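Undergrad: Respectively, the protein sequence lines represent chains E and C.
So the first sequence is numbered by our numbering: it starts at 34 and just counts up by one.
So the second sequence is numbered by our numbering: it starts at 335 and just counts up by one.
To be clear, the hints were calculated from the coordinates, so they are not data collected in a lab.
These numbers were taken from a predicted model, which means no experiment stands behind them.
C-beta atoms are modelled at their ideal positions from N, C-alpha and C, and glycine is treated no differently.
Some hints could be false.
Taking lysine-lysine and the DSSO-like style, the derived pairs with C-alpha atoms no more than 30 Å apart in a straight line are [stated by the list, open to error]:
hint : chain 1 : residue 1 : chain 2 : residue 2
1    : C       : Lys955    : E       : Lys87
2    : C       : Lys438    : C       : Lys392
3    : C       : Lys858    : E       : Lys106
4    : C       : Lys858    : E       : Lys96
5    : E       : Lys106    : C       : Lys907
Quick partial rundown of chain C residues pointing at chain E, CB under 7 Å, derived from the structure [stated by the list, open to error]:
hint : residue
6    : Asn409
7    : Arg410
8    : Gly420
9    : Leu426
10   : Met430
11   : Pro434
12   : Lys438
13   : Val564
14   : Met699
15   : Ala701
16   : Tyr882
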Amino acid sequence: MSGHVAPKKKVSDMKRLWGMAIDLDKCTGCGACQVACSQENNMPIFDDDSDLPKRVVFLDLMKVTNDNDRDAKFGDVKVAYLPKMCMQCAGNDPDDPQPPCVSVCPVVATDVGDDGVVSQIWSRCIGCRYCQASCPYEARVFNWWKPRYEGSFKEGLNPDVSIASRGTVVKCTFCSHIWKRERDRLIAKGVTDINAVQYTPACVAACPTGAMVFGDLKDPQSPVYEEKLKRDPRAVRLVHSIDALRDTNPAEYERRTKIKNYPNPKVWYLTSDQWLREKLSGFKKS
Amino acid sequence: MEKLERREVILMAGGAVAGAAVGTVFSGAPFLGLQWLVEWTQDQHVPAPGEESYLQGKCLLCPSACPISVRMIGNRAVKVETANNGCYRPQLAIQMLYHPERLKSPLKRAGKKGSGKFAPVSWEEAIKDIAAKIDELRSGGKAAEIAAINGAGAFASAEVLKRLVKSAGSPNVYSEPCYSSLSAAASGLTQGQSASIYYDFENADFILSFGARLVEGWGGDPGRMNRAFVDWKRRGARYVQIDTVCTRSASVADRWVPLNAGTETVLALGIANQLIAMGRRSAGANFAQWSQIVINDYTPERVAEITGVGVDAIKEIAAEFARARNPIAVAGRGASAVSSSSVEFAAIQALNSMVGSLGRRGGVMLADYSGLGDVALNAQAAKGLDDFIKNGSAGLLFINDANPVHRSVYGKTLADKMKKDGMVVALMPLLNDSAAYADYVLPTISSIEGEPIEARFKSMHPVDALLSIAGAVKGLENALPWKSFKDVYPLIGRLNLRGAGNFAFPVGLLKDYLAGFAKKIGDKKYPLALVPVEAPMVGDGDGMALPYVLKGLDGLTLTGSKLWVMMNPDTAKQEGVSEGSRIDIESSRGEIGSVKVHITKTVAPGAVAIPLGFGHEFYTKYAGDKGVNAKEIMSDDIDPISGAADWWFTRVKIS
């Protein structure tokens, strides 16, 4: 008898691993993704949504610039907009995903599925905010106030996304309710193979320049095929400097991933701007 | 000290307890506590279920008319699907559709003008009254006192209102200045045809933009610009952006050419100088005189000194422009809001003329959209909206889907005139700063109502409202024979492209402009330049009524009610301000403030960049008490050709 039982690997028919890639070279910062997300996911409407500390959004349109670099000069600087949502972390091993938020949740309100989507069940959340503290991307929001929808704004609410209570943590779920909707549609047509279903989250569907793409990270035909993204010199992941070691020093990469759980997010950003890659990844090439 | 009896102590303690109990009850705390308890223990609002369906339609916000699909749950619209085409605006349609402050019926003024107090009336009464006013003015020989202001985004209703007012006998129909109206005025000057300048972005291979923020809502058709932008990336067209502020357009461009505020025209003359040096000529009239000015006064060295663009950069841009197969130089500074002088349009169009881009594929053409036909009138209208506000008056003024009180630099003048002058009729879905001065406000539908969604409340398509008014006026029955907006749409909005015609260089106007410009930049009393920027989705101010737009504002655009302006570190040091300082900004027209300062190298030295669209006085509670309206102090020099104020570049000082 051994005291330790290795966790049994889940057996799953799921072949999909959902991921996203955002080409910032094509992003004009128009804000369509943010509004589409807010509309689809029933974002609360307060008296003043310009009030940052009170704001609840799943997708944050961040303005970034390199203007505070010491040797930046007027004329050399740039600005970019960064659509930032839940990065759907996998942890070091995508086959045994350990996102930072899931392991700390005392009530299993957040979990990770075999499709790679980190779920969040508002009604199960007790509001301890451990997950919010553990999230490396500040992608989780706490409902300090009861979500409100003044008067007829309630008419535009989506029945597929439940309204959260006050005192719960909410976040982006890659619009997994749309996936469920698409699955139901196919089942109604008699197709029961879950891997036959494709879907597009609201932000990606709304992007007017096609800067955001979504698909299966494991599928070579998909626009977000992970093996291809890993080799793309424009690709970078948010605050994930360990990626730079993967090719340059595989031994060190192995050593580090053994002693520390990295987020390993499923959202990739693509940009040809060196400064932006450095800013996003947190890794500066010297 | 007197000794307290046991009985007294008990009484005092009892009194304190009773007082606290009464105080607690009257403080409202138990009721608030009970309310919280109810909220915490009961379920949250559950959206009403219903059968899912999708309605197909077209987004009618701009001529692109992108296809949209509206997701319905029962009879509720919950989402607009756009499938990667167009722009962000269809996504806001649901917010507009279900806005709680949507006008529910026609309103008649109940208080003093400008007080914003209204009482509901029936459509019949409103239409009867407005038609009677038109009758009164026409029969009294004062038909020319009927005037109309159309919003830059109004299409069908703008055409119908134009037809209505002109048929009634008045030439006073104005559009809020926008890219197409300003460029049409300029091409009237240089090409003798009043049609807007059409750049063939789809086929050009070198796009030189003089402050036109092409991917930020520019030109009134953001969908077309988004598609063109993606196409440039795909086929390798080169996009060069000239701008005083590092906007997103400047960042996505292949090259950003930073320059001093307001010097775009001078840079265009500098590039022309280099083109002439390369042997490029224009066949346009007065080219000889124009080139004399350019050769003698606008050498690269002098232009570099004024604009801050290096001599080498000027030469490089000119060489690239001359070398390209299909180069276009784009005029019309701004994004949603555009402001450029006619001379600036001419100076930039001159570059197109010198490289042979005028009137050819991949170059620059003239465009107009099919309308409802013009009505010939003898009376003379003002040159443009700001000219009309400043010098004109109206016995009956229609404001259609426009907000000139907020958007025009003459907004205050217009508000004062509306307080005194005759009847004002506003057509819009939400009460805005201009409608507050109206006698009648007619509720119109949002962009997805009418088709495919049913109109809410008693709101009407603006075309239908105007047709009803025309139908009630004696003698106008035949001028507008259509039954509904569905009859009007097929007639309008078809793009007609034509060649560019013969180009004529406006030498006299250029000289006047340059003299004025020299005076302006030499102003020692106001050492800084105020230039506009736009926040995502806020644009020129329309977005501020929508909460999901406010969710996109960052903490360096607005915090609380305070607006942030941007300044270069060198300028900040010189002016003695630091990050987060509160300042007032003063021009010769007045003062606004206070605003907070964000110090950033994305703005040219000597400039203060201020976001447009804030500081509404009357535009739903969501837009209320947010920042200041920069237009109040922006430059009010009226362009002699377009009749619109050239407000882009204003000399200011800060305190």
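Undergrad: Each of the hints needs a verdict: does it hold here or not?
TA: We went through each hint and held it up to the structure:
1. C:Lys955 <-> E:Lys87: holds (17 Å)
2. C:Lys438 <-> C:Lys392: With a Cα-Cα distance of about 24 Å, the restraint between Lys438 (chain C) and Lys392 (chain C) holds, given a limit of 30 Å.
3. C:Lys858 <-> E:Lys106: holds (27 Å)
4. C:Lys858 <-> E:Lys96: Violated - the C-alpha atoms of Lys96 (chain E) and Lys858 (chain C) are around 35 Å apart, more than 30 Å.
5. E:Lys106 <-> C:Lys907: holds (15 Å)
6. Asn409: Check failed: Cβ of Asn409 (chain C) comes no nearer than 9 Å to chain E, outside 7 Å.
7. Arg410: holds (5 Å)
8. Gly420: holds (6 Å)
9. Leu426: Hint on Leu426 (chain C): holds, closest Cβ of chain E at ~6 Å, below 7 Å.
10. Met430: violated (10 Å)
11. Pro434: holds (3 Å)
12. Lys438: violated (10 Å)
13. Val564: holds (5 Å)
14. Met699: With a minimum Cβ separation of about 25 Å from chain E (threshold 7 Å), the hint on Met699 (chain C) is violated.
15. Ala701: violated (22 Å)
16. Tyr882: Since the shortest Cβ distance to chain E is 4 Å, the answer is holds.
In the structure shown, a violation is registered for the earlier hints numbered 4, 6, 10, 12, 14, 15, in ascending order.
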